[in-house]
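Asker: Residues per chain, in single letters:
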Amino acid sequence: MPTANFPARFDSLAKIGKFIERATKEAGFDESTTYAVQLAVDEACSNIIEHAYGGENKGDIRCTYRIANNRLTITLRDTGRPFDPEKIQEPNFGAPIEELKPRGAGLFLMRKLMDEIRFDFDQKLGNVLTLVKRIPE
Amino acid sequence: MEITTTEYKRCEVVRANGRIDSYTAPELEEVLNKLTATGKYKIVLDMSEVDFMSSKGWWVLIETQKKCRRYNRGELVLANVKDRIRESLDLVGMGSYFKIYDDMTSAVGSF
Chain E
480 MPTANFPARF
490 DSLAKIGKFI
500 ERATKEAGFD
510 ESTTYAVQLA
520 VDEACSNIIE
530 HAYGGENKGD
540 IRCTYRIANN
550 RLTITLRDTG
560 RPFDPEKIQE
570 PNFGAPIEEL
580 KPRGAGLFLM
590 RKLMDEIRFD
600 FDQKLGNVLT
610 LVKRIPE
Chain A
10 MEITTTEYKR
20 CEVVRANGRI
30 DSYTAPELEE
40 VLNKLTATGK
50 YKIVLDMSEV
60 DFMSSKGWWV
70 LIETQKKCRR
80 YNRGELVLAN
90 VKDRIRESLD
100 LVGMGSYFKI
110 YDDMTSAVGS
120 F
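The listed protein sequences derive, respectively, from chains E and A. Position 60 (the first sequence) corresponds to 539 in the numbering used here; numbering is contiguous. Position 93 (the second sequence) corresponds to 102 in the numbering used here; numbering is contiguous.
Fair warning: there could be bad hints in the mix.
What the hints assert, rightly or not - Derived lysine-lysine pairs resembling DSS-like cross-links, with alpha carbons at most 27 Å apart: (1) Lys580(E) - Lys43(A); (2) Lys537(E) - Lys494(E); (3) Lys18(A) - Lys580(E); (4) Lys494(E) - Lys51(A); (5) Lys91(A) - Lys504(E); (6) Lys76(A) - Lys91(A); (7) Lys43(A) - Lys91(A); (8) Lys537(E) - Lys497(E); (9) Lys580(E) - Lys75(A); (10) Lys580(E) - Lys76(A); (11) Lys108(A) - Lys49(A); (12) Lys497(E) - Lys49(A); (13) Lys91(A) - Lys75(A); (14) Lys591(E) - Lys43(A); (15) Lys18(A) - Lys108(A); (16) Lys43(A) - Lys76(A); (17) Lys497(E) - Lys43(A); (18) Lys75(A) - Lys108(A); (19) Lys76(A) - Lys108(A); (20) Lys108(A) - Lys497(E); (21) Lys591(E) - Lys51(A); (22) Lys108(A) - Lys91(A); (23) Lys91(A) - Lys591(E); (24) Lys49(A) - Lys76(A); (25) Lys566(E) - Lys591(E); (26) Lys580(E) - Lys108(A); (27) Lys51(A) - Lys108(A).
I should point out that these hints are in silico values taken from the structure, not numbers from a laboratory.
Turn these sequences into a full structure, and let the hints guide you.
Answerer: The following block contains the structure:
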C-alpha cells in the first residue's frame, strides 16, 4: 500500500495532490474524477492542519491508498485533536451573499465528492480519516 | 503562484496561475484587498491559468464579492474558469454568486 508522510503545513498540499494523482491514475479515473478526489483530499488535509493540529508545523499527515474491490480507498492519519464531524454545520449556500459564513465548506465538499467518508479516533493511532471513491466497471 | 493586476479603463483585471489553496489563497486575498481598499470594486479575475481551487480560494472570492457589491458600487466577475473548477463550484451551489464569462472580452465588456 503506497504510503507517504507529509509535514502538516499548507505548502504540503500541492505535494499531497501529486501523491493522490498517482492513486487516481492507478485506479484509472478520468480527469473529472481525479480532480474530485484531489479536491476532497485537499479539503481534508487543510482541515487537519487548521483544526486537528490548530495550525501549521505541529505534526504530520500520513497518506495511504489502496485499490481493491472496485474502490480507491485513501486513508489520512494525524495525531491532532479529534473532532466531531456531526457538530460541524453545513454552510448555508443559497443564502444571500451577505449572510454566507466561511465554515463547513470543506467537510461538505468531501461528502459530496467522495462515495464514502469515515472518521475514526484512536488513542494510539490518532485520527484516521478514510475516503472512498468507487471505480466504475 | 503568480498574480498580476492590470488597470483597464472601467475595471481591474487580476490574473492568477496555478493552484489556489490554503497555501496560496492568502496571496490572492492580499491582492484583492489592496484593490478594494483603494476604492476599486470592478474586478475581473482571469482564471485561465488556474488549474486547482479549494474552498479557501472560494471564500476569498466570496469575501471580495461582498465588498464589491455593497452599495452596488461594483462586482467581482470570473473569466475562463476551467470546467473541473466550475463543476465543483456548481456542486456546492457557489456558482450563483458570480457572473462567469468564457472570455476576457465579455468579462471586461460587462463593466
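Asker: Which earlier hints turn out false for this structure, listed by number in ascending order?
Answerer: 3, 4, 12, 14, 17, 20 and 21
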